[in-house]
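Undergrad: Quick note, the sequences are listed as chains A and B, same order.
Just add 11 to wherever you are in the first sequence, counting from 1, and you've got the numbering used here.
Just add 11 to wherever you are in the second sequence, counting from 1, and you've got the numbering used here.
These aren't lab readings, by the way, just hints derived from the structure by calculation.
Possibly wrong hints are sitting among the right ones.
Same chains, same label: a pair holds when it works inside one copy or across any pair of copies.
[Said to hold, decoys possible] 20 Å max Cα-Cα, derived EDC-like pairs, lysine to aspartate or glutamate:
1) LYS199 / GLU20
2) LYS239 / ASP170
3) LYS199 / GLU185
4) LYS199 / GLU234
5) LYS239 / ASP184
6) LYS199 / ASP254
7) LYS239 / GLU185
8) LYS199 / ASP132
9) LYS239 / GLU86
10) LYS199 / ASP18
11) LYS239 / ASP98
12) LYS239 / ASP172
13) LYS199 / ASP184
14) LYS199 / ASP19
15) LYS199 / ASP107
16) LYS199 / GLU90
17) LYS239 / ASP114
Number of protein chains: 2
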Amino acid sequence: MTQNIYDDETFFAGYSRLPRSVQGLAGAPEWPELRAMLPPLAGTRVLDLGCGFGWFARFAAGEGAASVLGVDVSERMLERARRETPDTCIGYRRADLESFAPDAAGFDLAHSSLAFHYIVDLAAVLARIHTGLAPGGVLVCSVEHPLLTAPARQSWLADADGRPTWPVNGYLDEGPRVSNWLADGVIKQHRTIATYLDLLRGAGFSLRRLVEWGPSPQQVAAEPSWAKERARPLFLLIAAQRD
Amino acid sequence: MTQNIYDDETFFAGYSRLPRSVQGLAGAPEWPELRAMLPPLAGTRVLDLGCGFGWFARFAAGEGAASVLGVDVSERMLERARRETPDTCIGYRRADLESFAPDAAGFDLAHSSLAFHYIVDLAAVLARIHTGLAPGGVLVCSVEHPLLTAPARQSWLADADGRPTWPVNGYLDEGPRVSNWLADGVIKQHRTIATYLDLLRGAGFSLRRLVEWGPSPQQVAAEPSWAKERARPLFLLIAAQRD
């Protein structure tokens with residue numbers, strides 16, 4: 012079972028103050044690129060795995076989705092999601108993604124933002140998503156980029172010329188990584204890009220697009236403190252189609 | 012036009028002493044994984060782009076390929092390739108990959124080992140490979156992994172615990188990189204993994220497999236000095252199919 016760190020009081024308090032929690036999708040700098048990878052949503056049945064506060068569910072409803080089911084393991088997040096969701100086409104369910112089984116062919120789009128890197132048995136989760144999608148259905152997801160999850164110590168170094176330099180080690184050794192992000196002892200699963208692609212293919216998906224996201228030069232111009240974030244990508248964005 | 016570093020005397024002398032030049036494919040530690048990505052070769056028409064000393068061409072002939080055309084820009088390499096190739100089904104041609112145009116649908120497999128990271132206009136090269144492959148034909152290639160080409164300074168650092176750590180910066184800023192590998196001023200083109208995949212899709216290929224190659228734990232056990240090479244992959248191996 013995946014660690015439910017979001018119901019940790021310290022983690023939840025910190026997470027609730029992040030721009031993406033306060034401003035929603037507009038506070039997530041990767042959102043424009045992820046949005047561009049979505050199929051048209053009008054009339055579709057949408058599954059959101061790791062729905063958090065329901066920002067994506069409400070976006071999908073606003074785009075005309077026929078129905079949206081948001082699933083999350085965190086009671087605290089779902090409580091706020093329900094409170095802030097007036098849309099009647101949106102439902103929420105508390106479940107561990109490691110065991111949640113959607114209805115067969117019940118959805119046209121599965122979306123998951125920054126949740127899969129917590130999943131231990133991702134092959135099993137992808138197999139159930141495949142079952143839950145109608146033929147031709149699409150999975151659009153984001154995870155922390157493997158360059159972020161790989162290192163034993165996630166802190167910047169400087170190269171011989173003083174450039175901000177990301178310290179990569181352990182990339183080929185997959186498995187759990189413990190980090191102290193918002194709270195102590197947060198467990199994430201490190202996988203290589205190649206493994207993400209192998210798992211998708213193994214579950215019966217064809218890759219449509221892969222993006223290694225970091226701030227664009229335009230975003231850095233608007234927010235100069237982000238300059239070093241172009242040293243390596245922050246997120247991996249993937250769109251795949253059910254074969 | 013791509014730099015023809017292989018005809019530089021210093022570079023050629025150094026390159027000729029590498030295990031992969033002395034022992035051939037058996038001296039290339041990534042070869043078993045690349046080989047596993049190849050389709051059956053019996054009866055096929057094979058194009059080898061950046062054929063070097065002809066090791067792969069002779070392997071393909073040995074596997075029963077109907078014909079093999081090896082293309083390389085280096086006169087020095089082709090001279091040795093011709094000298095060491097008795098097989099009559101193998102031909103060699105001197106050409107810059109940036110302008111070489113294979114006959115339309117003239118090949119079933121295009122192979123290229125560690126050449127594409129020298130190519131400036133890879134989109135155009137992939138488009139010509141697509142034209143040169145029969146429908147359903149396969150491209151199997153390797154390039155230096157983007158984690159190798161990205162950094163301004165390709166030398167190991169240590170993290171706070173002394174672990175060998177690869178210094179990643181500039182990953183998202185694509186373009187030429189000058190390194191001093193075997194000779195001074197070797198120019199390679201840095202591209203992200205996402206860009207390699209976008210270029211393949213844009214040229215009309217579907218991804219079959221992507222491998223981020225580093226030595227396996229078994230290879231490290233046999234050659235302990237390779238241990239730090241598991242900190243990050245060395246090569247990207249790709250198999251794609253002409254749509």
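Undergrad: All the hints need checking, so say for each whether the structure fits it.
TA: Going down the list of hints, with the structure as the test:
no. : hint            : verdict
1   : LYS199 / GLU20  : within (18 Å within a copy, 49 Å between copies)
2   : LYS239 / ASP170 : both (13 Å within a copy, 18 Å between copies)
3   : LYS199 / GLU185 : within (11 Å within a copy, 29 Å between copies)
4   : LYS199 / GLU234 : neither (28 Å within a copy, 31 Å between copies)
5   : LYS239 / ASP184 : between (26 Å within a copy, 11 Å between copies)
6   : LYS199 / ASP254 : neither (29 Å within a copy, 37 Å between copies)
7   : LYS239 / GLU185 : between (26 Å within a copy, 15 Å between copies)
8   : LYS199 / ASP132 : within (12 Å within a copy, 38 Å between copies)
9   : LYS239 / GLU86  : neither (36 Å within a copy, 43 Å between copies)
10  : LYS199 / ASP18  : within (16 Å within a copy, 48 Å between copies)
11  : LYS239 / ASP98  : neither (40 Å within a copy, 53 Å between copies)
12  : LYS239 / ASP172 : within (14 Å within a copy, 23 Å between copies)
13  : LYS199 / ASP184 : within (13 Å within a copy, 27 Å between copies)
14  : LYS199 / ASP19  : within (15 Å within a copy, 47 Å between copies)
15  : LYS199 / ASP107 : within (15 Å within a copy, 46 Å between copies)
16  : LYS199 / GLU90  : neither (24 Å within a copy, 53 Å between copies)
17  : LYS239 / ASP114 : neither (44 Å within a copy, 46 Å between copies)
Hint compliance for this structure: hints 4, 6, 9, 11, 16 and 17 are broken, all remaining hints hold.
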